[in-house]
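S.K.: The chain contents come next:
Protein chains: 2
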Amino acid sequence: MHSFIELSKIFEEKFNTRHFPLHTATLYNPAQYILQLGGKRIRPVSVLMGNELFDEIHEDAYHAAIGIELFHNFSLIHDDIMDKAPVRRGMATVHAKYGEPTALLAGDVMLVMAYEYLNKMKIGHLQKVLQLFNNTAKAVCEGQQLDMDFENIETVTLEQYVHMITLKTSVLLAASLQVGAILGGTGERNQHHIYEFGKDLGIAFQLQDDYLDAFGDPEKFGKQVGGDILANKKTFLMIRALEVADAKAQKELQHLMMSNPTDKVARVLDIFRQCNVDSWAKQLKEKYMATAMYHLEEVAVTEKRKLPLKELAYFLIERDK
Amino acid sequence: MHSFIELSKIFEEKFNTRHFPLHTATLYNPAQYILQLGGKRIRPVSVLMGNELFDEIHEDAYHAAIGIELFHNFSLIHDDIMDKAPVRRGMATVHAKYGEPTALLAGDVMLVMAYEYLNKMKIGHLQKVLQLFNNTAKAVCEGQQLDMDFENIETVTLEQYVHMITLKTSVLLAASLQVGAILGGTGERNQHHIYEFGKDLGIAFQLQDDYLDAFGDPEKFGKQVGGDILANKKTFLMIRALEVADAKAQKELQHLMMSNPTDKVARVLDIFRQCNVDSWAKQLKEKYMATAMYHLEEVAVTEKRKLPLKELAYFLIERDK
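Protein sequences appear in the order of chains C and U. Going by our numbering, the first sequence opens with residue 160, and the numbers climb by one from there. Going by our numbering, the second sequence opens with residue 160, and the numbers climb by one from there.
Think of the hints as simulated: they come from the structure by calculation, not from any bench. One or more hints might be untrue.
Claimed, not checked - Quick list of in silico lysine-lysine cross-link-like pairs, DSBU-like style, CA-CA up to 35 Å:
id	chain 1	residue 1	chain 2	residue 2
1	U	Lys173	C	Lys279
2	C	Lys423	C	Lys392
3	C	Lys173	U	Lys279
4	U	Lys480	U	Lys199
5	U	Lys173	C	Lys281
6	U	Lys279	C	Lys199
7	C	Lys243	U	Lys243
8	C	Lys281	U	Lys281
9	C	Lys279	U	Lys279
10	C	Lys281	U	Lys287
11	U	Lys281	C	Lys287
12	C	Lys279	U	Lys287
13	U	Lys173	C	Lys287
14	U	Lys281	U	Lys469
15	U	Lys287	C	Lys173
16	U	Lys287	C	Lys199
17	C	Lys256	U	Lys243
18	C	Lys279	U	Lys407
19	U	Lys392	C	Lys256
20	C	Lys392	C	Lys410
21	U	Lys199	C	Lys287
22	U	Lys463	U	Lys379
23	U	Lys243	C	Lys392
Turn these sequences into a full structure, and let the hints steer you where they fit.
M.R.: Structure (C-alpha cells):
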C-alpha cells in the first residue's frame, strides 16, 4: 500500500515526459505546454488508489491514469476558451498563448490521445473501462454546457447547481476511482460505493474550490482570487447569498452582478461575510464529506486499505490551493 | 454485393435518427443539427464497402460507420469555428447558429459519442480498430493545424499541400475502408492496398473539391463558390497558379491575396484560367486516380467484388457538389 503522496510521486515520474509527437510541433507543443503547468494530478492518482484499495497496482492502471489526466487537461483547455480565461495555474492559458484555433485543436488531439492511452489496456478491461469513460466524458460536457446555460438564467437553485457540478467535476473523480476498482478486480457493489464516495467527495472539492476563489490566499491559490465574482458565476456562495441576504443586500448583489465597479470583488465579499456564506459553505462541505465517508465505509475491504483514500479526502477539502 | 447507392440508402436508414440524448438539450440539439444538414456519407459507406469487398457486412460495420460519420461531423463543427465559416451545406454552421462555446462543446461530445459507437463493436475487433481510428484522428488534427499554419507562410509547395491534405482529408477515407476490411476479416496485405486506394482517392477528391470551389456551379455546390479565394486559401489551384503565372499575373495574385476588392473572386479566376490551372487540376486528379486504381487492382479478390468501389471512385471525382 502507498500513501497519496507516494502515489503522486510515482505517477508524476511516469507522467513527467513528453506525451506528444515532435511533429506537428505547432499542434503538439501547445498540448504539452498545459501538462507542464503542473496540477494536483488528483484524478490519475485516484485511479491508482482505486486499484490499490483492492489489489496490487496493475500495469493497466498507469495507462488509464494517464488517459484520464489527458482527458482532464483537454477539458481545461476547452473550458478556458469558452470562459475566456486568461490565466491557469499562474500562467497564460493555452489559447491566450497560442490563439483560440490552435488551442481548440490541441484540446481535440489531447482527447484523442486520452483514448490512445486507454487503448493500451489489456483487452479484458478495455470495453468496460471505455464505457465508463465515455459516459463520464459525456457528463463532463453536459456539466460544462449547464454551467454556461446558468449564466443566462436569473435564478439557479442549490439543487440545480449541485447537479451541474456533479456532472462537470464530480463524476470524473468518481469514475477515476471506479476505473481503478475495475482494474483491481472487485465486484459491482464495491465499484458502486467507491464511485459514490468519489462523487460526494467531488462536490465537497468544488465547495472548497468556490470557497478558495472567494476567500483563498491570492499567493497560494494560483488563479485570480475573485475570478468567479468578476465572471458573475453563480457559485455555491453566490447562490446561497442570493437566497439568504436581506432585501437591500440582495438588490446590491444583483446590481453588482450586472455591473463592473472597480471594488466589485470587495463589495461582494462583504455581503458574503454578512450572510455567513463562508461558514455555511464549510458546513455543507462537511455534510458531503460525511456521505462520502459513509460510502467508503461500505466498501468491503479492511480499514487499513482505506487509509490512503481518507488521506486524499482530507487533503482535497482542506487544501488552500 | 451492393452498389454505392444501395449502401448509401441502407446507411442513411440506420443513421437517420436522433443519436443524442434529449437532455441536456442545449448541448445535444446543436450536435443533432449538423447531422440533419445531410452530406454525402462517403466515409461511413466506405466502411460498409470495405467490409463487403471481402465478406458479408458484419453488424459491427454499422457501429464503426456511425462512429466514423460522427467523427467527421465533429471535425466539421470545429473546423468551421477555426475557419470562421458562416455556411455549411447551404445552412448556418453550428457556431453561427448556437454560438462558439456551445459549438465547441457539441463537437467535443460528438467525438466522445464517436468512440461510444466504436465501443459497441465486438471485443475481437475493438483494439485494432481503435488503434487505426486514433492514429487517423491525430492525423486529421495535424492536417488541420498545418492548414492553419499555411495561412501564415508565404510559399506553400505542392508537396507540402499534398502532405497536409493527406492528413486532413485522405487518411479518414483510407481508414474507413481499412476498418471495413478489418471487419471483413482480410489480412494485412489487402488492408494495406485498400488503405492506399483510399488515400490516393482522397487526394483526387480534394482536387475536385478545390476545383469546385473555384469553378463549380453555385446552385449545386452548396458552399460559397470562391470561398477559398476569399479566405486566401492556398489550394491546389492557387499553389499551381503562383508557380506558373508570369511575373505580372503572379504580382497581381499576391496583391489580390492581401486585399479584398469586390471583384476579387472574378479576377483570381481569370488568372487561374490564363494559367490553365483548371485543366492541370484535372490531369493531376487523373494521376492520383490511376494510382488509387492500381492499389484496388492489387487487392486479392475477384474483379466483380471491386465494382462498387470503382463506382464510388468515379462518383467522388466527377461530382459537381
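S.K.: Checking against the hints above, which ones are violated?
M.R.: Hint 18 alone not satisfied by this model.
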